[in-house]
Amino acid sequence: MNREQLLRQFQDANSRDVEAALLREQLDESALVALLSDAAAPYLEALARRAQTTTLQRFGRTIQLYAPLYLSNECVNRCTYCGFSQELAIPRRTLSVDAVRTEAEHLHAEGFRHLLLVAGESPRAVSLEYLESIARALRPRFDSLAIEVGTFNLTGYQRLVAAGIDGLTLYQETYQTDAYRRVHLAGPKHDYARRLKAVEQGALAGFRSLGIGALLGLAPWQLEAYALAQHGRELGLKYWRSRIAVSFPRIRENAGGRLATHPVSDRALVQMICVMRLALPDAELVLSTREPATLRDHLMGIGITRMSAGSRTNPGGYTEDCAAGEQFAIEDTRSASEVARVLLTRGFEPVWKDFDRSFLAPSCASEVA
Amino acid sequence: MKAPVDLVIAGQIFTSRLFVGTGKFASPEVMAKAVEASGTELVTVALRRVDVHAPDDRTLSALDFSRYRLLPNTSGARDADEAVRIAKLSRAACKTNWVKLEVTPDPNYLLPDPVETLRAAEQLVKLGFVVLPYINADPVVAKRLAEVGCATVMPLAAPIGSNRGLQTRDQLRIIIEQATVPVVVDAGLGMPSHAAEALELGADAVLVNTAIAIAHDPVRMALAFKAAVQAAELARQAGAGDQSAYARASSPLTGFLGVEA
Numbered sequence: 031m032n033r034e035q036l037l038r039q040f041q042d043a044n045s046r047d048v049e050a051a052l053l054r055e056q057l058d059e060s061a062l063v064a065l066l067s068d069a070a071a072p073y074l075e076a077l078a079r080r081a082q083t084t085t086l087q088r089f090g091r092t093i094q095l096y097a098p099l100y101l102s103n104e105c106v107n108r109c110t111y112c113g114f115s116q117e118l119a120i121p122r123r124t125l126s127v128d129a130v131r132t133e134a135e136h137l138h139a140e141g142f143r144h145l146l147l148v149a150g151e152s153p154r155a156v157s158l159e160y161l162e163s164i165a166r167a168l169r170p171r172f173d174s175l176a177i178e179v180g181t182f183n184l185t186g187y188q189r190l191v192a193a194g195i196d197g198l199t200l201y202q203e204t205y206q207t208d209a210y211r212r213v214h215l216a217g218p219k220h221d222y223a224r225r226l227k228a229v230e231q232g233a234l235a236g237f238r239s240l241g242i243g244a245l246l247g248l249a250p251w252q253l254e255a256y257a258l259a260q261h262g263r264e265l266g267l268k269y270w271r272s273r274i275a276v277s278f279p280r281i282r283e284n285a286g287g288r289l290a291t292h293p294v295s296d297r298a299l300v301q302m303i304c305v306m307r308l309a310l311p312d313a314e315l316v317l318s319t320r321e322p323a324t325l326r327d328h329l330m331g332i333g334i335t336r337m338s339a340g341s342r343t344n345p346g347g348y349t350e351d352c353a354a355g356e357q358f359a360i361e362d363t364r365s366a367s368e369v370a371r372v373l374l375t376r377g378f379e380p381v382w383k384d385f386d387r388s389f390l391a392p393s394c395a396s397e398v399a
Numbered sequence: 087m088k089a090p091v092d093l094v095i096a097g098q099i100f101t102s103r104l105f106v107g108t109g110k111f112a113s114p115e116v117m118a119k120a121v122e123a124s125g126t127e128l129v130t131v132a133l134r135r136v137d138v139h140a141p142d143d144r145t146l147s148a149l150d151f152s153r154y155r156l157l158p159n160t161s162g163a164r165d166a167d168e169a170v171r172i173a174k175l176s177r178a179a180c181k182t183n184w185v186k187l188e189v190t191p192d193p194n195y196l197l198p199d200p201v202e203t204l205r206a207a208e209q210l211v212k213l214g215f216v217v218l219p220y221i222n223a224d225p226v227v228a229k230r231l232a233e234v235g236c237a238t239v240m241p242l243a244a245p246i247g248s249n250r251g252l253q254t255r256d257q258l259r260i261i262i263e264q265a266t267v268p269v270v271v272d273a274g275l276g277m278p279s280h281a282a283e284a285l286e287l288g289a290d291a292v293l294v295n296t297a298i299a300i301a302h303d304p305v306r307m308a309l310a311f312k313a314a315v316q317a318a319e320l321a322r323q324a325g326a327g328d329q330s331a332y333a334r335a336s337s338p339l340t341g342f343l344g345v346e347a
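As they're listed, the protein sequences go chains U and G.
Sequential numbering from 31 applies to the first sequence in my numbering.
Sequential numbering from 87 applies to the second sequence in my numbering.
Here chain G stands alone, though its shape is the one from the complex (with noise of 0.2 Å):
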């Protein structure tokens, strides 16, 4: 057995490898719920829904921060420019100087923008914030992340609430082959089956939102993703055997041969 490798941010150690997101929820309760079940200790807010000055908003308050880090995000930047101000915002206001960084000038599918994104991320690492940028499964992009100092890159599977799993799969394993920071993959995954499909790919961590947030039971599903994400831990700690492009019978018709000389 593989011993287990921690997942380190920034320095900080996380045991559970499944980040989750506030939105799209029926309400904070339920959201607080879910979160709880999922076992994650990263929980990520978008700053445009909570008011960050008020102390009862209640995307915040239902969440007990002692136990999760929170990452407040960006969305809704539609360039670095605006991705700064609102990251500047949440470090006076939430303090903290983590963030995650999403630049999306498109609304439908939210796509990230890379020379956007690039641009806010070396500013905000310049100005002392541990950036967590949110990318297209872009290998050259998550170099030139990596290189102006970001502490993960985190790229999509599938456009945002897609639900439609790695449809990136190719790009995701350059990624990860050449990463010298965690690849947390971001958006997309709509079964825990997808969550287990990143890691085994090789990912260090999941972030999932919508599938958790629209499941008919919002907790259930949490758990669901929790048991998949841990599940291919184990298997990765266990070590799986190699695929092959033949047969390898357990009973090899051919033994009778014995070892060619």
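Excised from the complex, chain U in its bound form (with noise of 0.2 Å):
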């Protein structure tokens, strides 16, 4: 289907179609559609109930914590929804190792066993050797080693896999090409398809978790749902030993200033992490503290896996008091500890830890465990 075919279903779809998609066990396209569709707003009590269900059955009463370590925010895009763009005059600066370090043991005070690492795309600053030695440092403390840096050829994302980062995280932000070629102005993300071949080189070097994700607000939601889950399909059935995640970041205010071009409501944000449930009942779904913390709560285990939490989004902000620019403004500002209590008080495990370095070859496995 094309996109004004598929526009043109969104609208047209009715109450029957959502009914009847409602009590299909597997989403095929059409479900997905009528899921998606205007019609199906009515019924979104009935969409959350089936996803809560699914969640539960599949992940139990638990959610994951992660916590995201901002290596750096050089970069050579030039993006128009990010705070790193490279013609933002903000402060810039790359953490050394030891610095890193530093903050990391920042957040494995608080509990934290997952990082996801983030970087600005800079192949200078932000290496393949920068990377590597970043995760020799961190993998005696650390379960589990993400990135969301810039991308890297197939030989580049197996040297990560060997030095110990399981996990790779790798947004299209838009799957509407248009819309992709307004807002990536300049540098490598500008071109569509290396980037959503990149995902591909990151499973065919081994990442045991691939996230991917629309920044939500660069084009209609409904189009970007059925893209993400499509996409997230597609990963699944061809690199099926890999987890796939899905996030759901919404555009947040940042130093650039530009707000979003198609809002995406609260009703909608929700029907869409409903869906994608059901259309992927196994992959993770994340939300980060972009959201706000009412929202966050109620959407635990309603789709919601994983979590971030006490979230920085500078390079050194977690443990320096006059840190370099940040991404974007964060909204759910609770520590990592209170975010841990509400979910024990609302019936949910924090799962800090849910992978062991010692599955790994020795080479890059902790050297001290």
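Since the hints were derived computationally from the structure, they do not count as laboratory data.
You may find that some hints are simply not true.
[Unchecked claim] Label-pair distances were calculated between CB atoms; the ranges are: (1) T375/U to A140/G: 21 to 27 Å; (2) L184/U to T266/G: 42 to 48 Å; (3) K212/G to R297/U: 54 to 60 Å; (4) Q98/G to A359/U: 56 to 62 Å; (5) R371/U to L213/G: 41 to 47 Å; (6) H139/G to A129/U: 22 to 28 Å; (7) L213/G to A139/U: 34 to 40 Å; (8) S152/G to R371/U: 29 to 35 Å; (9) V226/G to T375/U: 46 to 52 Å; (10) T375/U to Q98/G: 37 to 43 Å; (11) E49/U to Q323/G: 47 to 53 Å.
These figures come from a predicted structure and were not determined experimentally.
Think of the CB as a built atom: it goes at the ideal place given N, C-alpha and C, for glycine as much as any other residue.
Got two chains here, each in a separate frame; can you build the complex from them with the hints?
See the structure below:
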């Protein structure tokens, strides 16, 4: 289906289509479209209940916690929505290995054992060698290390897997090629196909977790949700050893100051998350601190299975007073222990550790454990 | 009445035929209460979830291991090498050579890889482990694993967490018929009746996790599974009547004809 046909179907689907889709055990394409359609909006409660049941069955009463650790805000890309965009006059910095260790120790003390290492795309500042040395420094203390950085080729990703990084997060940002070109003005990220291919290169290299996502607000959300679900399915079929994780970041204000051209309401976000749970029953669904506390609390277990907590989005943000510029403003400002407490009171066990270094070959396992 | 037959695995007698898992619970405290209510003597714990080096690990410290045998499992391992590595860690840290071998390269349905499971089992048995492998309900794989020295086989009833009951019934029947080691039906048992059915089929024990963990009241559900397993065991001892394809009335309609000469 092309974009116009899809948009028409999102408008034309009726309540009977939605009701039939809600009864299906597995969503085919027409059921997916029906549940993302305008007609499904009044069925949000029924959708949420189905999503909750599936989540409970597959993941139990648990939510995995992770923390982003920003390594660098240096970036060669010009992206209209991002606080790290190359042309912005913000204080730039790439943390030294020692500074990263200090930030990581802070997170370790808070209880985190899963880290997401985040950086702008900068072949000079955030090179393979740099990331390898960070992985070597952190792996004795952390069970799972994932990256959300610029793209690399297959050999590059193989090196990072060998260094002990087990997860790759790489958002396509938008699956609408016109919108993609409009917001990615310059730099390697300008190339839509290259970025899409990079996730597969990562899968081939052996990352155990593949994180995908669309930056919500750049294009009509129904189109993005549909594309995300299809992308997740295709990746899952082809690279069946890797777990798929899907994130739902909505555009936040940043130093660039530009706001969403297609704002996504809370209701639409919830609809999207619930549909994704039914379309990809075993995928980790991730919600970051971009979202307000109330929304996050209510979405625990209704699709969402992984959350960040107590996040800082600037290099040095956890341990330094005058750290560098941030990527976006966070909304849920509670500490990790507060979020963990809320999880417990809502009947979920906060899972800090869901992997073990000792699975990995000695070359990338912990030297001290 | 038939005399009760003990369940013996690697020389240890188990009076309860219900084994339980510790994942998916709302908290370690709820988990520990449910484990206690189940009356189990064997508890499996995912090594990837616990910190075996931390004395205050919340899952491990919630359980009283003077009452249960700890069965560390290798869930998360994608091949034999990974499973063997984590089993070695477990033996060193958990002070037990028992291991539930799980090699599940597919993160969705968590179905076991028979080739890698057999490879890992061979290595682990040679290294002195007591190996309880999680397998698909494949009678030939079960035979091969028994041959290399596994202490049990643990075939699945349905995919992990699916609560669908004995979907693999016909294959399980063959595994049980041919078994030379105890058969523990693992995964997919969603209701107490499913557990009873597995024992009625001849399984030596069942392992239950999700059905208890995600129940509204996990402690009560653990009790329900305990009762079902006990009921099935009692029935086994009582000696159930054979099934028949046709009716056998207690007052036969043709009784007046007398016995044919």
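Hints and how they fare:
1. In this structure the supplied range 21 to 27 Å holds for T375/U paired with A140/G, their Cβ-Cβ distance being about 24 Å.
2. Between L184/U and T266/G the beta carbon distance is about 47 Å. The supplied range of 42 to 48 Å therefore holds.
3. In this structure, K212/G and R297/U meet the distance hint of 54 to 60 Å, their C-beta atoms being roughly 59 Å apart.
4. The beta-carbon spacing between Q98/G and A359/U, approximately 58 Å, falls within the hinted interval of 56 to 62 Å.
5. Taking 41 to 47 Å as the suggested C-beta distance range, the pair R371/U and L213/G conforms, at roughly 42 Å.
6. Range check, H139/G to A129/U: Cβ separation about 27 Å, and the 22 to 28 Å hint holds.
7. Checking the proposed 34 to 40 Å range against L213/G and A139/U shows it holds: the Cβ atoms sit about 36 Å from each other.
8. A hinted range of 29 to 35 Å holds for the C-beta pair S152/G and R371/U, which are about 31 Å apart.
9. Checking the proposed 46 to 52 Å range against V226/G and T375/U shows it holds: the Cβ atoms sit about 50 Å from each other.
10. For T375/U paired with Q98/G, a C-beta distance near 40 Å keeps the hint of 37 to 43 Å intact.
11. Look at E49/U against Q323/G: about 50 Å separates their beta carbons, and that is inside 47 to 53 Å.
In summary, this structure violates none of the numbered hints.
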